[in-house]
Amino acid sequence: MGGMTTAESFVLAIGTKKGLWLATSQDRRQWSFSGPHFLMSEIPSIGIDTRAGRTRIMVGVRSEHWGPTVAHSDDLGATWTEPEQGAIAFPEDAGAAVERIWQIYPDAESRPGVVWAGAEPISVWKSTDGGEHFELNRGLWDHPHRSDWGAGYGGAAAHSIVVNPAGDNVHVAMSTGGVYRSLDGGTSWEARNKGISAYFMPDPNPEFGQCVHKIAADAAVDGRLYAQNHHGVYRTDDNGENWESIAEGLPADFGFVMLTHPRREGTAWVVPLKADGERIPPDGKLAVHRTDDAGATWKRLDSGLPEHEYNSVLRDAAAVDSAEPAGVYFGTRGGTVFASADEGETFAEVASHLPDVLCVRSAVIAGAGLNGTSAEAAVPEAAAQGA
Amino acid sequence: MPDIRVVLPSVLQPLAGGHSVLISDADGPVTVGSLLDSVTGEYPVLARRLRDETGALRRYVNVYVNGDEVRRLRGLETEVAAGQEVLVIQSVAGG
Numbered sequence: 004m005g006g007m008t009t010a011e012s013f014v015l016a017i018g019t020k021k022g023l024w025l026a027t028s029q030d031r032r033q034w035s036f037s038g039p040h041f042l043m044s045e046i047p048s049i050g051i052d053t054r055a056g057r058t059r060i061m062v063g064v065r066s067e068h069w070g071p072t073v074a075h076s077d078d079l080g081a082t083w084t085e086p087e088q089g090a091i092a093f094p095e096d097a098g099a100a101v102e103r104i105w106q107i108y109p110d111a112e113s114r115p116g117v118v119w120a121g122a123e124p125i126s127v128w129k130s131t132d133g134g135e136h137f138e139l140n141r142g143l144w145d146h147p148h149r150s151d152w153g154a155g156y157g158g159a160a161a162h163s164i165v166v167n168p169a170g171d172n173v174h175v176a177m178s179t180g181g182v183y184r185s186l187d188g189g190t191s192w193e194a195r196n197k198g199i200s201a202y203f204m205p206d207p208n209p210e211f212g213q214c215v216h217k218i219a220a221d222a223a224v225d226g227r228l229y230a231q232n233h234h235g236v237y238r239t240d241d242n243g244e245n246w247e248s249i250a251e252g253l254p255a256d257f258g259f260v261m262l263t264h265p266r267r268e269g270t271a272w273v274v275p276l277k278a279d280g281e282r283i284p285p286d287g288k289l290a291v292h293r294t295d296d297a298g299a300t301w302k303r304l305d306s307g308l309p310e311h312e313y314n315s316v317l318r319d320a321a322a323v324d325s326a327e328p329a330g331v332y333f334g335t336r337g338g339t340v341f342a343s344a345d346e347g348e349t350f351a352e353v354a355s356h357l358p359d360v361l362c363v364r365s366a367v368i369a370g371a372g373l374n375g376t377s378a379e380a381a382v383p384e385a386a387a388q389g390a
Numbered sequence: 002m003p004d005i006r007v008v009l010p011s012v013l014q015p016l017a018g019g020h021s022v023l024i025s026d027a028d029g030p031v032t033v034g035s036l037l038d039s040v041t042g043e044y045p046v047l048a049r050r051l052r053d054e055t056g057a058l059r060r061y062v063n064v065y066v067n068g069d070e071v072r073r074l075r076g077l078e079t080e081v082a083a084g085q086e087v088l089v090i091q092s093v094a095g096g
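Sequence order for the protein chains is A and B. The numbering used here applies: residue 4 is where the first sequence begins, and numbers increase by one. The numbering used here applies: residue 2 is where the second sequence begins, and numbers increase by one.
Okay, chain B solo, but in the shape it has when bound:
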């Protein structure tokens, strides 16, 4: 079955059972929002690190689909096709 791989930064891997990649089954395109729902379902603490309780991506969490940050696309409504890889990367921030 085709799937979508979500690649996590190392700092978040302990919250995902030690996995660096979370995999979601996908028969067809899914939105980034539903993809995150799917792969973080087992990991509620990880889910909260990525999105706040309104469902919005946290300001300095960037999600890339095909090399494009989703805020430049359709945000959490951006579609991801089966077989694609999604990268979660913390942005350069802080001091």
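So that you can see chain A by itself, here it is in the shape it has in the complex:
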């Protein structure tokens, strides 16, 4: 079936340690691949921006040799643009250099052009031109806590950004530092970690210093967020003032992933790992767990997943799309990517033997969003390379 006659299709972007792969599908079962794009550069962050009648894929690219940048494509990867003067760089007085872009977060439909980024060293950035140029968020950079923030094993980074639909509440999570909240759109920030354990510190309940691995917002309940911590799974119903454990019912409370449903109240997904000292799926059996009641109960989802899997799933190597039912996607450090078209009830392997998967993003794209071309036409090498 040609894209011109299809109302919508799906795009799946897979960022790995050694490049980016893109795939398109009409049914979320058969995927046509292109790649590798940016061979030998790692792609730790991807944002797919479907606002304003356009599909823009933004990627955080990092070469071991040549450093980090943000590039974007408006034609599903047929061509890539890196702004001549660079997309993201610290101002001179900051005395710092961007090491790695960990997060690219397109803002709400009502704020087209606004894209947030989280980076290492710990910093938050905002673009108002669709991700072509990012400005450093001074409020967080100048925060008095900054000199006390630490580095997790993967580096010291702001890795999660959640903005509420009204645009005034912004939650950021960093490793290590925990959750910081702004009530004024990012001008001022306060730590909001009450209830989240930092068992690895002398005081396990500090104001900040937690190693929150990922946060995500409940799309249907204002002020409700979920957190996957470095041991511990939590929910807040009061905009981060208090966090309560929702780990009961999970086989382990360690992990990196936290996903929420694009619309439905109380629905979230995690991918548990056994422990920080044993970063494998519990018993070597990979499973996604979903709650439909805001963490009161969890359902194990492993249909279609391999019997044995000893690779972990990193914090951004998982995504949901906005379709109904929602699609769930994730990739492992062993280079396998799984997709579900039914909210995790059944998975199918869509790629394997790739480099370590660092980031997965998916989106529903309309025919009109492809500048009048079909998905297949915009990815001319897809069929040849993906077969």
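Bear in mind the hints are in silico, worked out from the structure with no lab data behind them. You may find that some hints are simply not true.
[What the hints assert, rightly or not] With a straight-line cut-off of 25 Å between C-alpha atoms, the simulated DMTMM-like cross-links for lysine to aspartate or glutamate are:
1) A:Lys197 - A:Asp279
2) A:Lys20 - B:Asp53
3) A:Lys129 - B:Glu54
4) A:Lys21 - A:Glu102
5) A:Lys20 - A:Glu85
6) A:Lys21 - A:Glu85
7) A:Lys288 - A:Glu210
8) A:Lys277 - A:Glu327
9) A:Lys129 - A:Glu112
10) A:Lys197 - A:Glu210
11) A:Lys302 - A:Glu348
12) A:Lys129 - A:Asp151
13) A:Lys129 - B:Asp53
14) A:Lys20 - B:Glu54
15) A:Lys21 - B:Asp53
[As the list claims (entries may be wrong)] Pairwise CB distance ranges (calculated):
16) A:Pro254 - B:Ser35: 57 to 67 Å
17) A:Tyr313 - B:Gly19: 44 to 54 Å
18) A:Ala169 - B:Asp26: 52 to 62 Å
19) B:Leu74 - A:Asn208: 46 to 56 Å
20) A:Glu11 - B:Gly56: 41 to 51 Å
21) A:Ala326 - B:Val8: 51 to 61 Å
22) A:Glu247 - B:Ser11: 50 to 60 Å
23) A:Tyr313 - B:Arg73: 38 to 48 Å
24) B:Gly19 - A:Thr131: 26 to 36 Å
Treat the numbers as computed from the prediction; the structure is a model and nothing was measured. Built from N, CA and C at the ideal position, the CB exists for glycine as well.
Since the structure of chain A is provided, determine the placement of chain B on it from the hints.
Positioned in the frame of chain A, the structure of chain B alone reads:
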């Protein structure tokens, strides 16, 4: 006029208009830092591949003057004389 030649690795040549060698006029000695400013002025993307926004050489970018890596000399303050050649080579790194 005497000049200084900066030899680029092939992987960076597309960012330098396809040139394998960039040439800077030099009446006298210049520092490696100002030499890089001079030859990458037209090529900002190339400039960012070599140095970060603080001006520091990226960790796995090596610059050789007379066969010596500049980190063993005076870093970006190392002087280069007119007529000399400067090599930019990516170090052995990655996996």
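Hints, verified against the model:
no.: 1; hint: A:Lys197 - A:Asp279; verdict: 22 Å, holds
no.: 2; hint: A:Lys20 - B:Asp53; verdict: 21 Å, holds
no.: 3; hint: A:Lys129 - B:Glu54; verdict: 18 Å, holds
no.: 4; hint: A:Lys21 - A:Glu102; verdict: 17 Å, holds
no.: 5; hint: A:Lys20 - A:Glu85; verdict: 20 Å, holds
no.: 6; hint: A:Lys21 - A:Glu85; verdict: 18 Å, holds
no.: 7; hint: A:Lys288 - A:Glu210; verdict: 36 Å, violated
no.: 8; hint: A:Lys277 - A:Glu327; verdict: 31 Å, violated
no.: 9; hint: A:Lys129 - A:Glu112; verdict: 16 Å, holds
no.: 10; hint: A:Lys197 - A:Glu210; verdict: 7 Å, holds
no.: 11; hint: A:Lys302 - A:Glu348; verdict: 10 Å, holds
no.: 12; hint: A:Lys129 - A:Asp151; verdict: 23 Å, holds
no.: 13; hint: A:Lys129 - B:Asp53; verdict: 20 Å, holds
no.: 14; hint: A:Lys20 - B:Glu54; verdict: 24 Å, holds
no.: 15; hint: A:Lys21 - B:Asp53; verdict: 21 Å, holds
no.: 16; hint: A:Pro254 - B:Ser35: 57 to 67 Å; verdict: 60 Å, holds
no.: 17; hint: A:Tyr313 - B:Gly19: 44 to 54 Å; verdict: 46 Å, holds
no.: 18; hint: A:Ala169 - B:Asp26: 52 to 62 Å; verdict: 57 Å, holds
no.: 19; hint: B:Leu74 - A:Asn208: 46 to 56 Å; verdict: 51 Å, holds
no.: 20; hint: A:Glu11 - B:Gly56: 41 to 51 Å; verdict: 47 Å, holds
no.: 21; hint: A:Ala326 - B:Val8: 51 to 61 Å; verdict: 52 Å, holds
no.: 22; hint: A:Glu247 - B:Ser11: 50 to 60 Å; verdict: 57 Å, holds
no.: 23; hint: A:Tyr313 - B:Arg73: 38 to 48 Å; verdict: 43 Å, holds
no.: 24; hint: B:Gly19 - A:Thr131: 26 to 36 Å; verdict: 34 Å, holds
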